[in-house]
Amino acid sequence: MGGNSDGSPLIALFLFALGPGAGVAVWMWIQGHYRNRSARYRPEEVVRTHVVDLRGDDALVRRLRTRSGSIDGGNELRPEQRARVWRVIEAPVEAPPEPHPTAEDLADPDGGDPGPGPA
Amino acid sequence: MTTPDQGGAAPEPGWTPEPVPEPAGPAENATPAGAKDGLVRCARCGATDVAYRPETGTLVCEFCRYEWTEARLDEAMGLSEGIADLRGRTLSTASADITDDETLMTFKCSGCGAEVVVDTARSLQARCHWCKHVLSINNRIPNGAVPDGILPFSVTREQAMESISAFVAKRKSFAHPEFEKTFRPENVMGVYIPYMTVDGKVTARLDGVGEIGRGRVKVGENNYEYKVDRYAVARELDLEIDDVIVETSASKADIHATESTNNIINSILPFDVKNIVRFNASFLGDEYTSERRDMDVDHADDAAYAHMLTIARGSAAASVGRYDRGVRWEQEQLSVTGTRWTSVLLPVWLYGFEEKGRHGSVTHYLAVNGRSRATMGSVPINTSKARRVAFGVAAAASVVTWPIAFLIMRGI
Numbered sequence: 003m004g005g006n007s008d009g010s011p012l013i014a015l016f017l018f019a020l021g022p023g024a025g026v027a028v029w030m031w032i033q034g035h036y037r038n039r040s041a042r043y044r045p046e047e048v049v050r051t052h053v054v055d056l057r058g059d060d061a062l063v064r065r066l067r068t069r070s071g072s073i074d075g076g077n078e079l080r081p082e083q084r085a086r087v088w089r090v091i092e093a094p095v096e097a098p099p100e101p102h103p104t105a106e107d108l109a110d111p112d113g114g115d116p117g118p119g120p121a
Numbered sequence: 012m013t014t015p016d017q018g019g020a021a022p023e024p025g026w027t028p029e030p031v032p033e034p035a036g037p038a039e040n041a042t043p044a045g046a047k048d049g050l051v052r053c054a055r056c057g058a059t060d061v062a063y064r065p066e067t068g069t070l071v072c073e074f075c076r077y078e079w080t081e082a083r084l085d086e087a088m089g090l091s092e093g094i095a096d097l098r099g100r101t102l103s104t105a106s107a108d109i110t111d112d113e114t115l116m117t118f119k120c121s122g123c124g125a126e127v128v129v130d131t132a133r134s135l136q137a138r139c140h141w142c143k144h145v146l147s148i149n150n151r152i153p154n155g156a157v158p159d160g161i162l163p164f165s166v167t168r169e170q171a172m173e174s175i176s177a178f179v180a181k182r183k184s185f186a187h188p189e190f191e192k193t194f195r196p197e198n199v200m201g202v203y204i205p206y207m208t209v210d211g212k213v214t215a216r217l218d219g220v221g222e223i224g225r226g227r228v229k230v231g232e233n234n235y236e237y238k239v240d241r242y243a244v245a246r247e248l249d250l251e252i253d254d255v256i257v258e259t260s261a262s263k264a265d266i267h268a269t270e271s272t273n274n275i276i277n278s279i280l281p282f283d284v285k286n287i288v289r290f291n292a293s294f295l296g297d298e299y300t301s302e303r304r305d306m307d308v309d310h311a312d313d314a315a316y317a318h319m320l321t322i323a324r325g326s327a328a329a330s331v332g333r334y335d336r337g338v339r340w341e342q343e344q345l346s347v348t349g350t351r352w353t354s355v356l357l358p359v360w361l362y363g364f365e366e367k368g369r370h371g372s373v374t375h376y377l378a379v380n381g382r383s384r385a386t387m388g389s390v391p392i393n394t395s396k397a398r399r400v401a402f403g404v405a406a407a408a409s410v411v412t413w414p415i416a417f418l419i420m421r422g423i
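Read top to bottom, the protein sequences are chains A and B. Counting the first sequence from 1 gives a position; the working numbering is that position plus 2. Counting the second sequence from 1 gives a position; the working numbering is that position plus 11.
Treat the hints as calculated values from the structure; they're not laboratory data. Certain hints may be false.
Quick look at which bits of chain B chain A covers, simulated, 3 or more residues with Cβ under 8 Å [what the hints assert, rightly or not]: (1) 126 to 133; (2) 151 to 164; (3) 331 to 342.
Covered, in the sense of this in silico footprint (three residues per stretch, anywhere, with C-beta under 8 Å from a C-beta of chain A), are these stretches of chain B [unchecked claim]: (4) 59 to 66; (5) 252 to 262; (6) 386 to 392.
Using N, Cα and C, we set each Cβ at its ideal position, and we do this for glycine too.
So here's chain A without its partners, still in its complex pose (with noise of 0.2 Å):
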């Protein structure tokens, strides 16, 4: 492979690649314009919400070198898109508790509610 110029063969890969991409691209526009399959709710951005409180805990975990431009898997901007591992926890609300017995109760048992019992 020739190249009179350290940057020739990106570009002429680039240009072989800029015919097929155009016609993917097309595809791509005509299915976004026409199907909309990402159309959706976006509660973070329509729903009345308080933030009673914000806290945050961050830590430097590592100094790296990476050849990658961005984070791998980032998804910050995608708030719909569920984590690798979710989970909803209901707390439980406990029962009213039951009525103690008064004194009079325990002292008078006739004179309460006879409930079911032999005739």
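Fit chain B to the given chain A structure using the hints.
Coordinates of chain B only, in the frame set by chain A:
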């Protein structure tokens, strides 16, 4: 953060467990009394022919033209208040579990004594064949058809037709020929679809990884290596959420369904739910149909909680702005302190088209929000035409770019 299901240290010998309190059932937020069932008469003249007038949002007597409306549910039930105090589940009267799936209900006409059947799967009114009075069902019945509230249509049929016509007009070039041939905007239908509005007091915990770029160094001819500081990121938010909306018709709830484009109906949310009024079947009249709720709170809560996590993620977004390479949330947890559920009917103008294919059929919807006029749709595609055009564009571009690429490769 410790959670109830993470367990703990083994109990010491002789340790006696504390009695675990029994969870209480859901509390009830009673729906205020509305119109009675059966014959609903005009307060002024006693006629039972009552119509809904979308221009004014009022009910009008067809005989004496007396106009009135129902109480606003938000004020009558305090639905904007007390979110901070919610504990456990609070259900409105009509959001209680469905206990009977029978949709045909028989009523005795109090005008003439005849028996009148109402198909509650489609409407909540019927006219007595004998005395011509209109019978209404306005209060909770066991099959879930009657909601607490209703948001009456304010967008007229003509406006809805105009909106879907404009939507389709912009999508004609690649529309399916059968769709184009049969498209009649006048076939749009006014449908009241069942939803629940959900208020919630929740705490959300998000855990993930964030990265900040610290510059880059050139490696080899055209590659770079990025210097990165990687952080463990955690956020915890206490939230009070007012009026998340969730579908409660099983046929519409799955927005990823392959057989119908339910996401279209989902996307025209939200509605101005603060204007919901106490349900009265006269809002349906002859022009609109209604769908019956067939999902209980236990079936709809997953969707509501997912929306609440989405809201939490959205609320946390601004606090992670410093991570210029992005954040990957890996774990999300929602602790629900309390929720409040209200069953409502919301107005949608709906146009459907069934596309039959080799692998089954797909129902495409065009939907117009019956209040805001927000419009969305799925227009079936003439796939062979779209393929030809995409291929033609690819070929035309390649005719120009490939010779240049060959010349570059040969070093000219």
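Comparing the hints with the structure gives:
1. 126 to 133: Check failed, 0 qualifying residues.
2. 151 to 164: violated (count 0)
3. 331 to 342: Since three or more residues must qualify, the claim that chain A covers the region 331 to 342 of chain B holds, with 9 doing so at under 8 Å.
4. 59 to 66: violated (count 0)
5. 252 to 262: As far as the region 252 to 262 of chain B goes, the hint holds, because 5 residues have Cβ atoms under 8 Å from chain A.
6. 386 to 392: holds (count 6)
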